[in-house]
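Trainee: Construct the entire structure; sequences and hints are all you get.
Number of protein chains: 2
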Amino acid sequence: MTGGTPDDGLQVLPVRGIGDVVAGDDLARLIVTAAPWITDGDVLVVTSKIVSKAEGRLVEVPADGPERDEARQRVLDGETARVVARRGPTSIVQTHHGFVMAAAGIDASNVDKTHLVLLPEDPDASARRLRADLLARGLDVVIVISDTMGRAWRNGLTDVALGAAGIEALLDHRGQVDPYGNELSLTQMAVVDELAAAAELVKGKCDRVPVAVVRGHPRSGEGSGAAVLIRDAESDMFSLGTAEARAAGLRAAAVLPDSPPAAAVPPDSPPAAPVSAVPTVDPAVVARALQTLDGLRQSDVQLTDGIRLTPARGGAAALIRTGADAHRLRAALAAEGIETTAVIDDEGVTLTYGVSA
Amino acid sequence: MTGGTPDDGLQVLPVRGIGDVVAGDDLARLIVTAAPWITDGDVLVVTSKIVSKAEGRLVEVPADGPERDEARQRVLDGETARVVARRGPTSIVQTHHGFVMAAAGIDASNVDKTHLVLLPEDPDASARRLRADLLARGLDVVIVISDTMGRAWRNGLTDVALGAAGIEALLDHRGQVDPYGNELSLTQMAVVDELAAAAELVKGKCDRVPVAVVRGHPRSGEGSGAAVLIRDAESDMFSLGTAEARAAGLRAAAVLPDSPPAAAVPPDSPPAAPVSAVPTVDPAVVARALQTLDGLRQSDVQLTDGIRLTPARGGAAALIRTGADAHRLRAALAAEGIETTAVIDDEGVTLTYGVSA
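Protein chains in written order, with this note's numbering: chain A, 1 to 357; chain B, 1 to 357.
Hints are not guaranteed to be accurate.
[As the list claims (entries may be wrong)] Derived coverage of chain A by chain B (criterion: at least 3 residues anywhere in the stretch with Cβ under 8 Å from a Cβ of chain B; other residues may be distant):
#1 8 to 14
#2 157 to 170
#3 187 to 198
#4 229 to 238
#5 245 to 251
#6 320 to 327
[As the list claims (entries may be wrong)] Below 25 Å or equal to it, Euclidean Cα-Cα: the simulated DMTMM-like pairs (lysine to aspartate or glutamate) are:
#7 A/Lys113 x A/Glu67
#8 B/Lys113 x B/Asp25
#9 B/Lys113 x A/Asp172
#10 A/Lys113 x B/Asp172
#11 A/Lys113 x A/Asp69
#12 A/Lys113 x A/Glu70
If you're looking for bench data, these hints aren't it; they were derived computationally from the structure. Predicted, not measured: the structure shown is a model, and the values here were computed from it. Just so it is clear, CB atoms sit at the ideal spot from N, CA and C, and this is done for glycine as well.
Mentor: Here is the structure:
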């Protein structure tokens, strides 16, 4: 069919007429009533807002005034597992689910002024339930529960998946070989996020189209839910805001311990093996740390197995300066990943490179 | 048409048969030859890789060995405006365009082993050029140039827009009112990113479908290009990796200046107005900073207009300790956003709350 459009594309279709959703509503019924044309294999992308409403995830708050702000803050605190970054009135937090979102995804739009809408408690479970409810009606479809999120580094929001059922959230290209024989590495596509984004293109922001259908997407097994998209803070290179992480560094500099923390030794354990007291430290890195202090340092520095600082001149003030210098240097070394312990005597300070027990 | 599918949805259609693209190729010709069914109003989402190839954005590198790694690093350095985060072999950098991407978007896949593919030099300009070339062939289409990117906080990659022409990159819902009378704030959707994501769903990772067409998306003016999606580092709460920002905090602690930087005074300027020497500082915040040092501090602390530290006991070592304590406290205060200057005398250290010139 030269010139014809390919027949293996996707369609993205809005579902209209679902109307207002209230607690206890049967979403499966509402959806098939509004869109009797939905068919097996379709991907239903459902805005989390209507899932939350059907599940009664609403909190009553005062309509205005400082009482509203206070109530809102309490609700936010309740939804927050940890604060990731704050600037002015904006809080980016990690929710108990693990999502990193502004204001924990709490929404005051598309709801009357005396309520806030929380995210579904377990969006993957919600997706599985809705999929089961539709299966019970004879429809075998994929469910993606979506919400709008901001991102680092890029302006503008996009819709992503909070929950999924009936689909693999990640499509793994790793191990595939391109036409040139290069193995594709690092290529796991967040397919359910892309489905959520595609669906948003036909949705409005005013709740009139809370569901869109993506038709023509290949099936990929029962799937593990969208929770696999959550990167744990441990392996995330951006687990804290820049200002927060910088402040954490300053705070760490304030509390650098003089001696290594005493290892907790259970009463009946055998004597600990001696630890290597002088870890190998790159002299170039030490030189770099010293260099950052050029013009600030006022003590003499001698490099031994560790570092020895002594006052550059006589007098009490010079001794105090050496104390400050030693701490400056410890912070500079810590910035390079080098831990130190400090022993202070009447002539100066000896820094020993970090011993981790 | 009860039961019929809505006729205002989108179609996402793969363009096959474009084949290998080489420097100097006329992309407009290749695309309309492969997909003569493309029509006015279609959105063409073009993988940046083929734009780069057509523009000759290739660099020759050795096929293997340490020479390849070195050459690759040199190319990466050339494409990097600043390093955002590094962990093991992974570098997240900001490119000269402003994109924050792993390895500056340099790609070794879908190209023979002796070349690397760089991003287009100016993806918005590339998009405008391709749009003009197609207009010259009588086709009025939207161009989105896409690439695959990772994100903070979420596993898996998605396609986003590097360049755009003929479309507004951001769709602004701000000022709209939902059915409950709430004004929608903060809602600017990154439409071109969502178009790129939708297109990726019908593309492969092996260059066989480097273009997809989104049909049915409403037109939105000539547009300002995808560069508006780049958030400048200044206003980005995640402009640095957590480890890098924490190290920056430690480094800042190392180099806290004792006196405020001397203001550069042009020779003929009138005498500077006296600056307020004692900014208002919240005593609770100072107390918090002191508290972090519980068990570490070994000097006496007196709160005055600033802070006075003196040795808790006699002897030279105690003086050195007071120097270290003063610097600890300055770092703890800096973590709370309080700058200090330090004056050291023979009895102790006086910290004065930050004077910014």
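Trainee: Next, verify each hint and record whether it holds.
Mentor: Outcome of the hint check:
Beta-carbon proximity to chain B at under 8 Å applies to 7 residues in the segment 8 to 14 of chain A; the threshold of 3 is reached and the given coverage holds. Three residues within the 8 Å Cβ limit are the bar, and the segment 157 to 170 of chain A against chain B gives 6, so the coverage statement holds. Restraint check on the segment 187 to 198 of chain A versus chain B: 10 residues with Cβ-Cβ distances below 8 Å, three needed, restraint holds. Judged by the Cβ-Cβ criterion of 8 Å, the segment 229 to 238 of chain A is covered by chain B as claimed, because 6 of its residues qualify and three suffice.
Counting residues of the segment 245 to 251 of chain A whose beta-carbon sits less than 8 Å from any beta-carbon of chain B gives 7, enough to reach three: the coverage restraint holds. Beta-carbon proximity to chain B at under 8 Å applies to 8 residues in the segment 320 to 327 of chain A; the threshold of 3 is reached and the given coverage holds. A threshold of 25 Å between alpha carbons decides the hint, and for A/Lys113 with A/Glu67 the separation of about 13 Å falls inside it, so the pair holds. A C-alpha spacing of about 21 Å is found between B/Lys113 and B/Asp25, which places the hinted pair at or below 25 Å, so the restraint holds.
Only pairs whose Cα atoms come within 25 Å are accepted, and B/Lys113 paired with A/Asp172 is accepted, the gap being roughly 23 Å. Taking the CA atoms of A/Lys113 and B/Asp172, the gap is about 23 Å. The hint holds against a cut of 25 Å. Taking the CA atoms of A/Lys113 and A/Asp69, the gap is near 12 Å; set against the 25 Å cutoff, the hint holds. Between A/Lys113 and A/Glu70 the CA atoms are separated by roughly 15 Å; this keeps the pair inside 25 Å, and the hint holds.
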